[in-house]
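> Using the hints, build the complex out of the two chains.
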Amino acid sequence: MTHEIWPQPMGWIPFLHPVKLPPGARLWTFFPLILCVAVVYRATRSRSVRDMPRATAATFAYICVGMIAIAAAFYLLHRLVLWLT
Amino acid sequence: MAPARDTTRKMIGAGLLTWLVPGAGHWALGHRNLATVFFLAISFPYWTGLAIGGIKNQVNPWSNPWLFLAEMGAGGYTSICLIVNQLAGDLDPRNLADPKYLSKVSPQQRAEFLKYMSYYPESDVSQIYLATAGLLNILAILDALSRAQTGQPTFDQQIAPAGSRP
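Just so you know, the protein sequences line up as chains A and B, in that order. Residue numbering for the first sequence follows the numbering used here, starting at 54 and increasing by one per position. Residue numbering for the second sequence follows the numbering used here, starting at 699 and increasing by one per position.
It is possible that part of the hints are untrue.
[Said to hold, decoys possible] Output of the computed footprint for chain B on chain A, the stretches with three or more beta carbons under 8 Å from beta carbons of chain B:
(1) 77-86
(2) 110-122
(3) 125-131
[What the hints assert, rightly or not] Take a look, some chain B residues computed to stay more than 12 Å from chain A by CB distance:
(4) G713
(5) S777
(6) K802
Hints listed in this document are in silico derivations from the structure and should not be mistaken for laboratory results. Since we're looking at a predicted model, the values are computed, not measured. Every residue gets a Cβ at the ideal spot worked out from N, C-alpha and C, and that includes glycine.
Pulled out of the complex, with its shape left as it was, chain B reads as follows (with noise of 0.2 Å):
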């Protein structure tokens, strides 16, 4: 009963450290290698992507929850994000839920906002990398739960036939 009640610990640990930072659970786990190259392959494309997109825009559940989702799957970055979206600059990010609201606010404070928008095709890059990156970390915490478990990465585990079986 408790090999597997530590294997379920070591799953939890890893999955959560991975869904964290990407990598983490991996780096937990002994697999520092391949932690890193998790890390690098994960963290590019989410950083590239705010960077190219901007926070206000880009990390923005009121005005993009599908993106939004996507994104959630890296975690502790999204999350950092989000609170620094709503603590950085003077543009509300619950504001651009309406498409209109530039539209709506006095000359001067638009010409401000629009410092923090982008528009196509930067807006359209840095969603595809940021959502890609998202959708990556999930497949790195399936990996991490995979050789928690196992120690085998998630799609090495070869399917015995079914006569082999004990």
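The shape of chain A in the complex, shown without the other chains (with noise of 0.2 Å):
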């Protein structure tokens, strides 16, 4: 089943060969990365690691919740443009 969703050619070699994501995994890539951003952001304020946690949660929700906004805000716009056109 894992093969079929991630057909992969036989000798295949991370890193020099591509993986192939699955179908419709592109926009759920946005969170690991965010969550990675949000850690280094608050580790640069963080006099110690036990500050971060409740922080970084904060600043994952705040940037998640942004760039929604922003994306629901774009759609809206771009609905407008095909109703006004």
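See below:
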């Protein structure tokens, strides 16, 4: 089953031969990246790792909400332009 | 004079180590837990991006110099990848500077070279991950410099009111 979703050629070498993403996976790759951004950003503001978890979770949530709001705004703008033309 | 020279040496060392391996500068300064956090949070997007896009396409200063510049934020990783790119496989990365290169080679070679290539959407995801990792490591370098100089994180230094300065 996994092989059908994620077919790889024989003799596949990691990093040399690209990985084929499953269909529809592109948008989901957003979340791990934003988590890394939130972690690094918060790490540059923290005196120790103990200060980080709550602040990182809040930053992660802010970025996600902000990006989703921007996406929704552009979608609405796109619909408006289609409606006007 | 000597403490200032020590601080400068410490800053250069921390910055260089972080550039080579994310978190290494923090490790050397004694911030072991933070070093682990930086290492994981920067290495994960870098190696994930590279796995998704493939080294021939994505660490290639001839075909995508701006992406390469962003990747050089994580200089140790990118330098190793560039060397591996030139040594591994029979596709010279310099040839990819010509966007029509793959249509000029024989069909057998094209079939062989296509195994190294990534296209939309994998190529986009890979580039975003790699560029982000490189730029995040620049933040980590700045943080290592700040901690080496003042012992405090980059954005934690309070600006004293104008009248209270000695």
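> Would the least Cβ to Cβ distance between B/K802 and chain A come out above 12 Å?
Holds: least Cβ distance 22 Å, greater than 12 Å.
> Beyond 12 Å on every Cβ pair: is that true for B/G713 relative to chain A?
14 Å, holds
> Under a C-beta cut-off of less than 8 Å, do 3 or more residues of the stretch 110-122 of chain A approach chain B closely enough to confirm the stated coverage?
violated (count 0)
> Closest CB-CB distance from B/S777 to chain A, is it above 12 Å?
15 Å, holds
> Check, residue by residue, whether the stretch 77-86 of chain A contains three or more positions whose beta-carbon lies closer than 8 Å to a beta-carbon of chain B, and give the verdict.
holds (count 4)
> Within the stretch 125-131 of chain A, is the number of residues with a Cβ closer than 8 Å to a Cβ of chain B three or more?
Since three or more residues must qualify, the claim that chain B covers the stretch 125-131 of chain A is violated, with 0 doing so at under 8 Å.
Checked against the numbered hints above, the structure violates hints 2, 3; every other hint is satisfied.
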